[in-house]
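**Q** As a plain string of letters, each chain reads:
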Amino acid sequence: MRLLNRRMQGGSDSVRAGVASVAKKLIKAVFLIGMCYVMLYPLLFIFSSGFMTIDDMYNPSVVWLPRSFSTQALNAALSLLKYSDSIIKTVLITLPSSCLQIVTVLLAGYGFARFKFWGRNLFFGLLVFSIIVPVQSYIIPLYVNMKNFDFFWLGSLVGIFTKSPITTNLLNTEHLFYLQALFGAGIRSGLCIFIIRQFYRNMPLELEEAAMIDGCGPLKTFIRVMIPNTLPLIATIFLFSIVWYWNDYYLSSMFYNTEFPLSVNLTMLRTMLVTLSQQLGGVSGMAGQELILMREPILACGCLITIVPLVILYVFVQRYFTEGVERSGIVG
Amino acid sequence: MKIKFFRNISGIDMHSRTQVKRAIWGLAFVLPWIIGTLYFFLYPMIQSVIYAFCKVNLTTKGDMFVPVGFDNFRYLFTQDPHFITNLTKSIGNVVYQVVIIMIFSLLIAILLRDKFVGRTLVRAIFFFPFIISSGVVITILQEQVLMTAGTISQQQQAYMFAAPSFDYFIEQLSIPESVTNLVKTVSMSFFNVIWKSGVQIILLLTAVNHIPSSSYEAADIEGAAAWEKLWKITFPIISPTILVVLIYSIIDSFTDYGNTIMRMISNFFELGQYEYSATIGIVYFVIILALVGAVNLIVGRKIHYAV
Numbered sequence: 001m002r003l004l005n006r007r008m009q010g011g012s013d014s015v016r017a018g019v020a021s022v023a024k025k026l027i028k029a030v031f032l033i034g035m036c037y038v039m040l041y042p043l044l045f046i047f048s049s050g051f052m053t054i055d056d057m058y059n060p061s062v063v064w065l066p067r068s069f070s071t072q073a074l075n076a077a078l079s080l081l082k083y084s085d086s087i088i089k090t091v092l093i094t095l096p097s098s099c100l101q102i103v104t105v106l107l108a109g110y111g112f113a114r115f116k117f118w119g120r121n122l123f124f125g126l127l128v129f130s131i132i133v134p135v136q137s138y139i140i141p142l143y144v145n146m147k148n149f150d151f152f153w154l155g156s157l158v159g160i161f162t163k164s165p166i167t168t169n170l171l172n173t174e175h176l177f178y179l180q181a182l183f184g185a186g187i188r189s190g191l192c193i194f195i196i197r198q199f200y201r202n203m204p205l206e207l208e209e210a211a212m213i214d215g216c217g218p219l220k221t222f223i224r225v226m227i228p229n230t231l232p233l234i235a236t237i238f239l240f241s242i243v244w245y246w247n248d249y250y251l252s253s254m255f256y257n258t259e260f261p262l263s264v265n266l267t268m269l270r271t272m273l274v275t276l277s278q279q280l281g282g283v284s285g286m287a288g289q290e291l292i293l294m295r296e297p298i299l300a301c302g303c304l305i306t307i308v309p310l311v312i313l314y315v316f317v318q319r320y321f322t323e324g325v326e327r328s329g330i331v332g
Numbered sequence: 333m334k335i336k337f338f339r340n341i342s343g344i345d346m347h348s349r350t351q352v353k354r355a356i357w358g359l360a361f362v363l364p365w366i367i368g369t370l371y372f373f374l375y376p377m378i379q380s381v382i383y384a385f386c387k388v389n390l391t392t393k394g395d396m397f398v399p400v401g402f403d404n405f406r407y408l409f410t411q412d413p414h415f416i417t418n419l420t421k422s423i424g425n426v427v428y429q430v431v432i433i434m435i436f437s438l439l440i441a442i443l444l445r446d447k448f449v450g451r452t453l454v455r456a457i458f459f460f461p462f463i464i465s466s467g468v469v470i471t472i473l474q475e476q477v478l479m480t481a482g483t484i485s486q487q488q489q490a491y492m493f494a495a496p497s498f499d500y501f502i503e504q505l506s507i508p509e510s511v512t513n514l515v516k517t518v519s520m521s522f523f524n525v526i527w528k529s530g531v532q533i534i535l536l537l538t539a540v541n542h543i544p545s546s547s548y549e550a551a552d553i554e555g556a557a558a559w560e561k562l563w564k565i566t567f568p569i570i571s572p573t574i575l576v577v578l579i580y581s582i583i584d585s586f587t588d589y590g591n592t593i594m595r596m597i598s599n600f601f602e603l604g605q606y607e608y609s610a611t612i613g614i615v616y617f618v619i620i621l622a623l624v625g626a627v628n629l630i631v632g633r634k635i636h637y638a639v
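Top line first, the protein sequences correspond to chains W and R.
First residue of the first sequence: 1, per this note's numbering; consecutive thereafter.
First residue of the second sequence: 333, per this note's numbering; consecutive thereafter.
Here chain W stands alone, though its shape is the one from the complex (with noise of 0.2 angstroms):
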């Protein structure tokens, strides 16, 4: 319809239309080639100083290109990130939280959105305040409590009748991660409530109401109809909790201790290199020397390994997201 119409358009008006659209594609063209430099340049910056050889390094008519192609600095990054380690603590992480997650989190949201129930608006209230206060406030309270972890209080309710009240120590653990996901305190998890919820809250209600008539329960009404139909926002904020559970490096760094995931890793090592570099007359011996000055490499390969996985995964959801919509005939 918008076809014929600008084909009419076209027929009726002159020439003149068409430079002005022509003109305004050329604009957008220029804008979104523009903006896409911008956004590539630290990949492209990764990608030009990861691979160069300290010769290159140094030399001044040596801008984006190096002269010979070098792999020291990647595999020194490999080996300092003890990268093969490092990235499966990272997974074991990453995968089950945002699984466990997106449950509670979309439970929780169609909640908010779709039901009135006793101390709802107290409960958004807790909602938003959780959002805003980062963690890093109540770190130390918080870390007392993983370190005795009394399973939501029932332990030390054993405790008041056993005069020893029943503590696990859940530092150093992935458990700690999974049970703050399932029960919705993982990384940003209001966050993500809050946005489903604003989402939910905008669905027509006539689907659901068909299929109230036709007998299904919340839950099944639910299950059946509201997730088929938010396919893309559930592939959206399951992506966002990946890439905030692979990428933080504060809580990991506060309840480990002895192996850390990748993003901590890469932290410590920026701080080694960067304190060395401080000491630059008092290191001793060809290695500490040759690590001060491939320190920019270095480090360009560590962020490269770190986002590579993100940016794969990326490659196979971002078709789910912005095809899905399209394809499903039901729109909000």
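Source of the hints: derived by calculation from the structure; they are not laboratory data.
Predicted, not measured: the structure shown is a model, and the values here were computed from it.
By construction, the Cβ of each residue, glycine as well, lies at the ideal position given by its N, Cα and C atoms.
Accuracy of the hints is not assured; some may be wrong.
[As the list claims (entries may be wrong)] Listed below are several chain W residues computed to face chain R (Cβ distance under 10 angstroms; list not exhaustive):
(1) Cys36
(2) Gly119
(3) Val133
(4) Asn172
(5) Asn247
[Unchecked claim] Which chain W residues face chain R? A few, computed with CB under 10 angstroms, are given here:
(6) Ala29
(7) Trp118
(8) Ile307
Given the coordinates of chain W, work out where chain R should sit on it, guided by the hints.
**A** Chain R only, in chain W's frame:
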């Protein structure tokens, strides 16, 4: 009497079985989150608030708490040399950052809605800042690429993030210095800011994709101009998402690690002054809460829900 009370506070008619049933279902949906938030958020948060009213000594033998009343708060507002200046600075920063982020992400989302060659690729590229900006990678890149520290790759700097000719150009215009400085700050931090708008772009894109094309077709038949379509169709339909994005941007800018107050909080934390760190945190988050509440009230009225 009791039933009437319940009806009044929750808007649920206790006589209606379906309403009560739905309320119980709603509670069941939200229950896991309630448990988790009470245990993993509210309980530690309350403990942290108690810290703010105490003098804390964490020793190997155990934690010592000496209640001091409002002393920490009094010190914060009357004697701390940095708090008030940092606070005004960070609120000012947040305002202009949020404005840039909102305009930019709306623009990109609307541009990326239309079909054009290579749209998938462009969308993938605009997702990229999100992957890097939520972790340590952005810190490293800022040091290396944006050149806030370090000396090694000075020659790379000139290519993008400092535009000397631009600075020179606006200095030549005879406009007041305060304006020039503002323009300079905005242009310098522009790249910084748009890297932070990954989440916003994705959320708005999802919302824009959800607009039924039938409404645009109807508008075309009525002969609406592109501008009218934007104001009369696009904005109202995506307005709930705009609110989310606005609130997210505000919170994200306030709680960003680079924020001066956030840095104060973590500095005092690292120095072992937990009670003072907690005090700043509480005051700061009350202020953010008030701001977000105000934005929600003002913008929330203009929100158009489909239901």
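**Q** Each hint should be assessed against the structure and marked as holding or not.
**A** Each hint, compared with the structure:
A least Cβ separation of about 5 angstroms between cysteine 36 of chain W and chain R falls short of the 10 angstroms threshold, and the interface hint therefore holds. For glycine 119 of chain W, the interface hint holds, the least distance from its beta-carbon to any beta-carbon of chain R being 7 angstroms, beneath 10 angstroms. Because the smallest distance between the Cβ of valine 133 of chain W and any Cβ of chain R comes to about 5 angstroms, under 10 angstroms, the interface hint for this residue holds. The beta carbon of asparagine 172 of chain W comes no nearer than 18 angstroms to any beta carbon in chain R, farther than 10 angstroms, and the hint placing it at the interface is violated.
Nearest Cβ of chain R to the Cβ of asparagine 247 of chain W: about 3 angstroms, under the 10 angstroms cut. The hint holds. A cut of 10 angstroms between beta carbons decides the hint on alanine 29 of chain W: the least distance to chain R is about 8 angstroms, and the hint holds. With its C-beta approaching chain R no nearer than about 5 angstroms, tryptophan 118 of chain W sits inside the 10 angstroms limit, and its interface hint holds. Residue-level restraint check for isoleucine 307 of chain W holds (minimum Cβ-Cβ distance to chain R is 5 angstroms; threshold 10 angstroms).
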